[in-house]
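**Q** Here is how the chains run, residue by residue.
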Amino acid sequence: MRYVVVVADMKVGKKEDSIVTYALGSCLGLTVYDPVAQVGGMLHAMLPLSKINPQKAKANPFMFVDTGVPKLFKEVYRMGGQKARLVVKAAGCGQPLGKNEMFKIGDRNYTILKKLLWKNGILLNAKDIGGTGGRTVYFDLSTGRTIISSKGLESEL
Amino acid sequence: MKQTKLLNILAKVKSFPSMPEAAAKLLKLLDNPDATAAQIEQILRYDAGLTANLLKLTNSVYFGLPCKVGSVTQAVVLLGWKKLIQLVMASCVNAVMGKPVPGYDLPAGELWRHSIAVSVAAEGLAKELKVSASEEIFTAALLHDVGKLVLGGFVKEDLEKIETEASRGISFEVAEHMVLGTDHTEVGAQILKNWSFPPALVNAVRWHHDPDSAGKTDTLVDIVHVANILCLMIGIGVGREGLCYKPSPLATKRLGLRTNDLEMVASWTLQYVDDLCDVFGS
Ligand SMILES: [Fe+2]
Ligand SMILES: [Fe+2]
Chain A
1 MRYVVVVADM KVGKKEDSIV TYALGSCLGL TVYDPVAQVG GMLHAMLPLS
51 KINPQKAKAN PFMFVDTGVP KLFKEVYRMG GQKARLVVKA AGCGQPLGKN
101 EMFKIGDRNY TILKKLLWKN GILLNAKDIG GTGGRTVYFD LSTGRTIISS
151 KGLESEL
Chain B
1 MKQTKLLNIL AKVKSFPSMP EAAAKLLKLL DNPDATAAQI EQILRYDAGL
51 TANLLKLTNS VYFGLPCKVG SVTQAVVLLG WKKLIQLVMA SCVNAVMGKP
101 VPGYDLPAGE LWRHSIAVSV AAEGLAKELK VSASEEIFTA ALLHDVGKLV
151 LGGFVKEDLE KIETEASRGI SFEVAEHMVL GTDHTEVGAQ ILKNWSFPPA
201 LVNAVRWHHD PDSAGKTDTL VDIVHVANIL CLMIGIGVGR EGLCYKPSPL
251 ATKRLGLRTN DLEMVASWTL QYVDDLCDVF GS
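Protein chains in written order, with the numbering used here: chain A, 1 to 157; chain B, 1 to 282.
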């Protein structure tokens, strides 16, 4: 299966599946993969904290980093993933030009992610974070390979 | 060289499709204080497709009307005729705005989705900030990037040069201007002028990336400016140039914008965009 993760969305899959998300701006794209069980998932979260709109968070926890990330891990565990083996990669969290604090939603998304991971003793294995580039993320669940395409260039994360 | 390019671009602007007739007629009504629902109905009567789209739009969740609307007259009563005309405009430009855009690498339908998103976010911001912006806000936001449709092909040809300029930390439309002699805001404003659109709309399109240069400050321009960047940030209509645009600190100050407002509006925008785009089956 080839899954597409839209904004404020999450998908999990197993060997022979692939997951893609397009157009990460300041949103966080997070992939989690267990190379032994060959299962994994991807989250595309838009805003850092669910307290801004609890009603929305209830309807769709994947809109927010603080509610979406735990759910992603839970789903990967449910598929047979084990915490000690997980490979975690983050992409996105970009921001427009200038230093305007108000528009640093990407920055805040990343900060909340780091806090969550740290609290749970999980390390980030790779990241491609910040800057003005939009990003598309391809995630191959047979190999765990994560390819990022930005400004017409592809690179492995 | 740059001169020839500019002439080519201007020629393309001239040959850009004209405004659909029904929309042009309705737009004239906007300036007429004596306009009636009957007149609007009269114009729409000859365009069944348009009327059908209009009623679907009116009944979308976005407007939250208490009952199903079955006629133009009823829609006028419930939404007000100014709002209704904005919706007709949306139906009219749907076909043009749905095309794929080269240069910015937007697939078919994505500029339309972006345009709808900026309209929803702009109206959301106006509400959240309790500022009064004209009824034209929806249409201004809807058409802010119309210039990309003409300029895209030219951006594609000179993409390397434009990206080199932009990589030095300047806004993408400034880089467009350096290389092509114009940018998508100027081109868009010219298209709307050719369509005889009201000056306030032309102005909002012209300055949506640089509201501080708009001569006199205008809430409409400031709102479209912020709404546009917000929609790019949340990934709706992010093209090749990504977030390579600069939010104006003065505009956010004028609006009294806070982080919370931005995030709040973002959290509501997504669903309404999907809802409105469904109406058009895209
Ligand atoms: Fe623009
Ligand atoms: Fe835009």
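Treat the hints with care, as some may be off.
If the Cβ cut is set under 10 Å, some of the chain B residues that face chain A in the computed set are [stated by the list, open to error]:
id	residue
1	P107
2	K216
3	D218
4	I234
5	I236
6	R254
Everything labelled a hint here was simulated from the structure, so no lab data went into it.
A virtual CB, placed ideally from N, CA and C, is assigned to each residue, including glycine.
**Q** Are the hints correct? Go through all of them and say.
**A** Right, here's what the structure says about each hint:
no.: 1; hint: P107; result: 9 Å, holds
no.: 2; hint: K216; result: 23 Å, violated
no.: 3; hint: D218; result: 20 Å, violated
no.: 4; hint: I234; result: 5 Å, holds
no.: 5; hint: I236; result: 7 Å, holds
no.: 6; hint: R254; result: 13 Å, violated
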